[in-house]
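Residue numbering for the sequence shown follows full-length UniProt numbering, starting at 1 and increasing by one per position.
Treat each hint with caution, since some may be false.
Have a look at the derived ranges for each label pair, beta carbon to beta carbon [stated by the list, open to error]:
1) 71 to 168: 28 to 36 Å
2) 288 to 70: 24 to 32 Å
3) 63 to 137: 50 to 58 Å
4) 137 to 33: 54 to 62 Å
No wet-lab data here; the hints were simulated from the structure. We put the CB at the ideal spot given by N, CA and C, even for glycine.
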Amino acid sequence: MTPPVFRFAPSPNGYLHLGHAYSALLNFRRAQESGGRFLLRIEDIDQTRCRPEFEQAIEEDLAWLGIVWERPVRRQSEHLADYGAALNRLRALGLVYPSFESRAEIARLVAEREAHGGWLRDPDGAPLYPGSAGTLSEAQRAELIAGGQPYALRLDMAAAVGRAGRLSWDELGAGPSGETGGVDARPEAWGDVILARKETPTSYHLSVVIDDALQGVTEVVRGQDLFHATSVHRLLQALLGLPAPTYRHHQLIRDDRGQKLSKSSQATGLRALRAEGVSPAEIRHRIGLV
Numbered sequence: 001m002t003p004p005v006f007r008f009a010p011s012p013n014g015y016l017h018l019g020h021a022y023s024a025l026l027n028f029r030r031a032q033e034s035g036g037r038f039l040l041r042i043e044d045i046d047q048t049r050c051r052p053e054f055e056q057a058i059e060e061d062l063a064w065l066g067i068v069w070e071r072p073v074r075r076q077s078e079h080l081a082d083y084g085a086a087l088n089r090l091r092a093l094g095l096v097y098p099s100f101e102s103r104a105e106i107a108r109l110v111a112e113r114e115a116h117g118g119w120l121r122d123p124d125g126a127p128l129y130p131g132s133a134g135t136l137s138e139a140q141r142a143e144l145i146a147g148g149q150p151y152a153l154r155l156d157m158a159a160a161v162g163r164a165g166r167l168s169w170d171e172l173g174a175g176p177s178g179e180t181g182g183v184d185a186r187p188e189a190w191g192d193v194i195l196a197r198k199e200t201p202t203s204y205h206l207s208v209v210i211d212d213a214l215q216g217v218t219e220v221v222r223g224q225d226l227f228h229a230t231s232v233h234r235l236l237q238a239l240l241g242l243p244a245p246t247y248r249h250h251q252l253i254r255d256d257r258g259q260k261l262s263k264s265s266q267a268t269g270l271r272a273l274r275a276e277g278v279s280p281a282e283i284r285h286r287i288g289l290v
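Full structure from sequences and hints, please.
Here it is, written out as structure tokens:
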């Protein structure tokens with residue numbers, strides 16, 4: 001029987017905090033309890049924010065917590081060809097189109113629509129794509145690209161959902177509203193998501209499903225903040241003929257104000273806690289994994 005495969009996949013754009021510790025330790029514990037494998041993946045697509053010193057700190061923090069992972073570590077920046085091949089398959093199916101609006105133009109379009117009755121937002125609260133690039137002819141698109149116009153490559157959500165049909169996933173944890181068991185996917189709630197940009201040949205949604213498939217991940221253990229994104233991931237898996245792992249979305253570690261910990265909010269890093277003399281045992285106690 002093939003052993004289950006788990007992974008922890010941080011981005012090296014800052015230091016790990018208690019929320020990362022919870023997810024990494026939970027994955028590692030699940031691997032140990034099931035006789036499975038534990039992988040570390042470095043999601044370093046964003047080369048403007050990801051830095052080698054943060055990757056080194058990730059490995060130091062995980063080792064300090066007593067976590068052991070298989071080598072070599074998969075770094076997304078070293079596998080852009082894998083994501084490009086997947087993107088080309090979706091293009092061949094007629095499910096990808098370029099959009100050319102800048103972020104400022106999109107914000108203006110959203111404001112105009114909201115002033116005339118509102119505009120839909122995705123589960124994360126961001127407005128759905130409001131543009132009309134999907135109606136451009138191939139000649140118009142080619143002319144804009146040839147002229148050096150920046151663009152984002154988007155998934156034609158309506159066409160993609162029509163092709164894939166109804167989808168669901170096996171939830172071993174729980175969603176934000178207690179969803180568990182067989183959960184119906186609702187990728188249409190995200191609109192025409194971005195799969196790549198001119199300067200960045202992949203996105204989180206695309207790379208994560210490719211990586212999980214190529215690494216044979218069988219159970220994805222991650223925070224509830226990514227629960228709704230699973231709908232997009234199931235859709236991409238279906239379109240690309242990739243296996244679907246089971247999912248276990250876990251609780252989030254929050255600060256005193258009830259906000260989830262994040263690098264952007266300057267949450268205290270494990271590195272700083274180590275320097276203060278906090279022990280790995282105390283970290284486990286703080287996050288409830290004793």
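(message) Flag every earlier hint the structure violates by its number, smallest first.
(response) Violated hints: none; all satisfied.
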